[in-house]
Amino acid sequence: MNCVDSTDIRPALDRVLGDYALNYYNKVLRKTGSLYTISLPKDLSSVKADMVRFRCGSLRRYGARVEEFHIGMGIAIEPCMERVVLVRQNLGSNWSDIYYRNYNISGYNLVSPILGLLAFDVKYDTNSTANLLEVGIFAEQEPISIDFSNVTKNVKSSINKPLCASFGRDGRVSISDQISSNICLTGKNGHFGLVIETATLPKTGKLSEWKIIIGSTVGGAIGVLLLGLLFVAMIVKVKKRSQMVEMERKAYEEEALQISMVGHVRVPVARPTRTQPNLEHEYSPP
Numbered sequence: 001m002n003c004v005d006s007t008d009i010r011p012a013l014d015r016v017l018g019d020y021a022l023n024y025y026n027k028v029l030r031k032t033g034s035l036y037t038i039s040l041p042k043d044l045s046s047v048k049a050d051m052v053r054f055r056c057g058s059l060r061r062y063g064a065r066v067e068e069f070h071i072g073m074g075i076a077i078e079p080c081m082e083r084v085v086l087v088r089q090n091l092g093s094n095w096s097d098i099y100y101r102n103y104n105i106s107g108y109n110l111v112s113p114i115l116g117l118l119a120f121d122v123k124y125d126t127n128s129t130a131n132l133l134e135v136g137i138f139a140e141q142e143p144i145s146i147d148f149s150n151v152t153k154n155v156k157s158s159i160n161k162p163l164c165a166s167f168g169r170d171g172r173v174s175i176s177d178q179i180s181s182n183i184c185l186t187g188k189n190g191h192f193g194l195v196i197e198t199a200t201l202p203k204t205g206k207l208s209e210w211k212i213i214i215g216s217t218v219g220g221a222i223g224v225l226l227l228g229l230l231f232v233a234m235i236v237k238v239k240k241r242s243q244m245v246e247m248e249r250k251a252y253e254e255e256a257l258q259i260s261m262v263g264h265v266r267v268p269v270a271r272p273t274r275t276q277p278n279l280e281h282e283y284s285p286p
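Each residue of the sequence shown is one higher than the one before, starting from 1 at the first, in the working numbering.
Please note: incorrect hints may appear among the correct ones.
With beta-carbon atoms standing in for the labels, derived distance ranges [to be verified]:
| id | residue 1 | residue 2 | range |
| --- | --- | --- | --- |
| 1 | K31 | I105 | 38 to 44 Å |
| 2 | S58 | P11 | 28 to 34 Å |
| 3 | G168 | V28 | 30 to 36 Å |
| 4 | S34 | D177 | 18 to 24 Å |
| 5 | P79 | P11 | 45 to 51 Å |
| 6 | Q178 | Q141 | 19 to 25 Å |
| 7 | I98 | T217 | 53 to 59 Å |
| 8 | V218 | R101 | 46 to 52 Å |
| 9 | D177 | G220 | 40 to 46 Å |
| 10 | P79 | Q141 | 18 to 24 Å |
| 11 | S180 | Q141 | 17 to 23 Å |
| 12 | K31 | K153 | 33 to 39 Å |
| 13 | G57 | S180 | 28 to 34 Å |
No wet-lab data here; the hints were simulated from the structure. Positions of the beta carbon are idealized from the N, C-alpha and C atoms, including for glycine.
Sequences and hints are given; from them, build the entire structure.
Rendered as structure tokens:
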């Protein structure tokens, strides 16, 4: 049984899928131009793989569509003698993450499954058993397009848009813009995915400076308004206090002096005080 070592996922996974494609080709594949699904082991259950056979000349002249991959006319297949087998891969979420981590990409997050397109030249031995030799497909007239629309969710970001990532066998990753939503272009077969740049702090510029100025102005105006309201409240409080003192003073005076009406005029009148009689000289009658 073929096993895939996640520490060296790139060549190992291609080798395993190539072996299963070869076995399937010898047992099942019969019709040129028809797409066949490859049966994979349980440890690759999340991976989907399909294969299709073409004549080399027909593929060069007319191109082809293999699931998400559209191969334009005028491609070069090196080397290809008679027939070529294309193997399309969808690594799914689990194996895509493992595959992606092997590239040690910083600053980007994978937001789609990784799609792969492999090509094999078909050779037969003396027992009429096919052998598959991996070859390369290179776009000369029209680029190869990859449509991720059916395998990924729409990524909404107000800062960054998804970018196209091409994963090379040398461990390098090429990043490019999409030509339209979820559509990427490439000049050769390989493995591809959509990535999004990790969120970063917005750069300070004129807009930020204007925001700072406006914020400072509004904050200052609010501060002045609050100080004005506080000053008015203090004045009102002092005025009320003065009125209370004046009312207390008048009440005290009115309590000390009675108010009487003389004609139409109110005048204070002192309370009457009765003086007890006192004899200046004692007198005794005879």
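Checked hints:
1. In this structure, K31 and I105 meet the distance hint of 38 to 44 Å, their C-beta atoms being roughly 40 Å apart.
2. Remark: the range hint 28 to 34 Å for S58 to P11 is upheld by a beta-carbon distance near 30 Å.
3. As the Cβ distance of G168 to V28 is approximately 32 Å, the hint placing it in 30 to 36 Å holds.
4. Between S34 and D177 the beta carbon distance is about 35 Å. The supplied range of 18 to 24 Å is therefore violated.
5. Taken as a hint, the range 45 to 51 Å is violated for the pair P79 and P11, whose Cβ atoms sit roughly 20 Å apart.
6. Checking the proposed 19 to 25 Å range against Q178 and Q141 shows it holds: the Cβ atoms sit about 21 Å from each other.
7. Taking the beta carbon of each, I98 and T217 are about 54 Å apart, inside 53 to 59 Å as hinted.
8. For the pair V218 and R101, the beta carbons lie near 48 Å from each other, so the given range of 46 to 52 Å is met.
9. For the pair D177 and G220, the supplied restraint of 40 to 46 Å holds, since their beta-carbon distance comes to about 44 Å.
10. Between P79 and Q141 the C-beta distance comes to about 20 Å, which sits within the given range of 18 to 24 Å.
11. One distance hint, 17 to 23 Å for the beta-carbon pair S180 and Q141, holds here, with the actual separation near 20 Å.
12. K31 and K153 have their C-beta atoms about 35 Å apart, which keeps the hinted 33 to 39 Å range intact.
13. Our hint of 28 to 34 Å for G57 and S180 holds, since their Cβ atoms are close to 31 Å apart.
Hint compliance for this structure: hints 4, 5 are broken, all remaining hints hold.
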